[in-house]
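Sequence lines, in order, name chains A and B. My numbering puts the first residue of the first sequence at 169, with every later residue one more than the last. My numbering puts the first residue of the second sequence at 169, with every later residue one more than the last.
FYI, nobody ran anything at the bench for these hints, they're computed from the structure. Some hints could be false.
If chains are identical, the list can't say which one is meant, so a pair holds when it fits in one copy or spans any two.
Claimed, not checked - Here are the simulated DSS-like pairs of lysine-lysine, each with C-alpha atoms no more than 27 Å apart in a straight line:
no.: 1; residue 1: Lys322; residue 2: Lys209
no.: 2; residue 1: Lys322; residue 2: Lys252
no.: 3; residue 1: Lys322; residue 2: Lys303
What follows is each chain in one-letter form.
Number of protein chains: 2
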Amino acid sequence: MTNEPDGDRELVLTRLIDAPPAAVFRCWTEPELITRWFAPKPWSTPRASVDLRPGGASLVVMADEAGNEYPNPGQYLEIVPGRKLVFTDAYVGDWKPSEKPFFTCTLTFEDEGGKTRYTAVARHWTREDKEAHEKMGFHEGWGLCATQMEAVAKAL
Amino acid sequence: MTNEPDGDRELVLTRLIDAPPAAVFRCWTEPELITRWFAPKPWSTPRASVDLRPGGASLVVMADEAGNEYPNPGQYLEIVPGRKLVFTDAYVGDWKPSEKPFFTCTLTFEDEGGKTRYTAVARHWTREDKEAHEKMGFHEGWGLCATQMEAVAKAL
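Isolated chain A, as found in the complex:
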């Protein structure tokens, strides 16, 4: 194993968030907070459920302006409270395989003088899926959501 970045299959977003790591971590792990920022506006997030343990299921439901819902089922893999969160859509809970393993996301929340160095690394199983994710607007979408999340975190 090396720790070389896998540019062909990875997408990375990093931001300095004006709130402490504990607050940013809460934004990612408390359902009520997730609903406030997860989908880029004018989309919304009607509901979320969180079973915060390795093997615990996660579900975030997004909705477009017409009210059509888009569920995002997944599972938590690793949790370091306030510091790190790893999840994937390759499992749907208790290590049961999903229909299609698309990506695994590692989030880290590092203190930088009271603010948070927020980094999301999205790792895909194939180069094609990474490219599709990029074309779906990964950088723009996750960037917009990070801005929305920052507003929620600052108010905590």
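With chain A held as given, fit chain B onto it using these hints.
Chain B alone, transformed into the frame defined by chain A:
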């Protein structure tokens, strides 16, 4: 989420092993013990490495009679000492995706009057992979290996 078995994508092997759960768990998690039983004879297991933590890499190298080696890289997902072990070939360590997610294995080791109810559930992402695994000789191969493992566990 339900706990219904997923017959289209799952393969199951269960055996009563004449050794306590702690011994059977050791057979699966100590490299030197793994090399004694992992490959069905006359194949052998020249070496194994174990990083026994969620996210830790695993590697078991099997060899045929001519000495050709077949590495099996993977990663541990969940560890309950003496009772449960979950691993997959979908990651190669630290949640880095492998080339091809094929299956995830949940092993349980339950005490039955001093013996071990040993159950292996192999879950695949696709029905095709489950069928391929079955045709590769899952039941026969894992059965032979369970017999080899029992001999090692009994002697501990």
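Hints, one by one, checked against the model:
1. Lys322 <-> Lys209: within (18 Å within a copy, 62 Å between copies)
2. Lys322 <-> Lys252: Cα proximity of Lys322 and Lys252: one copy only (19 Å, versus 41 Å across).
3. Lys322 <-> Lys303: Neither way: Lys322 and Lys303 sit 30 Å apart in one copy and 56 Å across, limit 27 Å.
Of the numbered hints stated above, the single one contradicted by the structure is hint 3.
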